[in-house]
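Peer 1: Spelled out from the first residue to the last, the chains are:
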Amino acid sequence: MTSLGGPAYAQPQPLFDRRSAEGAIAIGGISLVADCAGALFWPEQSVLAVADLHLEKGSSFATRGVLLPPYDTAATLARLSRLILRYAPRAVIALGDSFHDGGGPARVGNEDRATLSALQRGREWIWIAGNHDPEPVAGLGGVSADTLAIGTLAFRHKPASGTAAGEIAGHLHPVARVSARGRTVSRRCFVGDGARIVMPAFGTYAGGLNVRARAFAHLFGTLSFTAHMLGEGRVYPITAKRCLRD
Amino acid sequence: MNWDQYLSPLVPKLLHVAPHTFMLAVGVVEIIAGLIERRFPGQEKSRREVTISTDLVYDVLRKHQPDHLLLRAARGDAATGLLDIRRLGEMLSRIRGRIIHKALDHVSPLAVPVMLEIGREQVYGEAGDAILAEAEAELVKEAMQ
Chain G
6 MTSLGGPAYA QPQPLFDRRS AEGAIAIGGI SLVADCAGAL FWPEQSVLAV ADLHLEKGSS
66 FATRGVLLPP YDTAATLARL SRLILRYAPR AVIALGDSFH DGGGPARVGN EDRATLSALQ
126 RGREWIWIAG NHDPEPVAGL GGVSADTLAI GTLAFRHKPA SGTAAGEIAG HLHPVARVSA
186 RGRTVSRRCF VGDGARIVMP AFGTYAGGLN VRARAFAHLF GTLSFTAHML GEGRVYPITA
246 KRCLRD
Chain W
-10 MNWDQYLSPL VPKLLHVAPH TFMLAVGVVE IIAGLIERRF PGQEKSRREV TISTDLVYDV
50 LRKHQPDHLL LRAARGDAAT GLLDIRRLGE MLSRIRGRII HKALDHVSPL AVPVMLEIGR
110 EQVYGEAGDA ILAEAEAELV KEAMQ
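Protein sequences appear in the order of chains G and W.
FYI, in our numbering the residues of the first sequence are 6 to 251.
FYI, in our numbering the residues of the second sequence are -10 to 134.
So here's chain W without its partners, still in its complex pose:
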């Protein structure tokens, strides 16, 4: 499949890599899921118009053309590219009954990559409102002082 043609020319411009490299590296699904929004520290966006936010494209496609090739591909990719659901299932049944749960008093080395992702994960939809409400409470506290 030649994915390059489905990638907006803006994307390589934003990422400074060849389209094909990029597509291989992160997969189609992340692109339409909006993950390419991630930028680098110290880099300030100066032109509002440049970024076509891919989650907006995703929403519009899902509503108006849910059988679009890009969405079908994304679903397929989600099942294998991002996390291989079948392999995960096989692994879980293989180790069933032999899982040991242990609460550690420090971060285990294997958990470090996960810890680094905390706070970077975007929250979509209504779950986000709980976070907004919490941030809002601070304004109220400030006003009462």
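Isolated chain G, as found in the complex:
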């Protein structure tokens, strides 16, 4: 397990008012900022985490003859840029499946390479290994690790089975559905129970898995979680009972 050592650096002042886009999610007594763009920010450590970027998913499908518009990497990085500008983190953690396949890093175009390199300037950048990208990321900056521990929190791609206090994971691409006044809203979401969090997928082309699916019951037990749904303006905590199946 890699550790991010040393005291937190002095925090640069953020450029924008952050309050509007935030919600708080507590995990093991630590309060994290849940941004409605789908990222977690840990103010004390100045760490920003995003999960399941699935960069180069468009080009990955193209190699198999499925021609999706190829702008997904640029779109995902643009959304990530806005977050980095907002929080000015000293470290960024990409929680695995950062690339849709092992050949992804090599296929990143020059413009997107430049964007990524600019985002990494002046901060640590950690690529956590995922099931889509188990090998260390080559030629795109940053360092690769299987998991990462910072204080009492553990960052890994796939949620561990059984109880895992302080775990922040991705992999499952949670999406929640709620209904009110005869209308239904389906959004990506964080899922947490105070002990662990599963983050929403950040990738523009990433799909979603309903939080009522079995995979989540294995982690949280039935209906004992809160889904923090990503709204346009903020994150909305929704009790598990309100979350509908597909």
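Mixed in with the good hints there might be a few duds.
As the list claims (entries may be wrong) - So the derived label-pair ranges between C-beta atoms look like this: (1) LEU58/W - ALA143/G: 34 to 44 Å; (2) ALA119/W - HIS223/G: 27 to 37 Å; (3) ARG61/W - ARG69/G: 20 to 30 Å; (4) ARG69/G - ASP48/W: 17 to 27 Å; (5) ALA126/W - ARG87/G: 28 to 38 Å.
Claimed, not checked - Chain G residues, not near chain W, derived (Cβ > 10 Å throughout): (6) SER51; (7) SER64; (8) SER122; (9) LEU124; (10) VAL183; (11) THR209; (12) GLY238.
Just so you know, the hints here were simulated from the structure itself, not pulled from any lab data.
From the three backbone atoms N, C-alpha and C, an ideal C-beta is built for every residue, glycine too.
With the hints as your guide, set chain W onto chain G.
Peer 2: For chain W alone, coordinates are given in the frame of chain G:
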């Protein structure tokens, strides 16, 4: 127009029908508007990666290539395929002045299909936040008990 070639091979796999049948049945616009997300009761998705959500493709195309053939076709299809705006306009001018509004104390038979769609309609954009806020209030209520 041969629409089959614009349809992701994943779609027929998800829907178990031939691409052409599917395209004729629902039209192009619904596909890029994301309506193919509808699945069947009891069917649980086990692979997150399978579904390329078409509204994501739509958003990306609209931003980066707004004149894309698929989007132009979708706009054309929206005007005629889903709801024929011109026919609707003609009908409204034909019946102008002869529309009777009557509040019924029960659901009329012709309204049943519409009633069945309530709650299935997806809400996009900021309007959805009002619904999220309402669902959120329940959590607060629960916490206060």
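Peer 1: Run the structure past the numbered hints and jot down the numbers of the failing ones, going up.
Peer 2: Per hint list: 10, 11, 12 violated.
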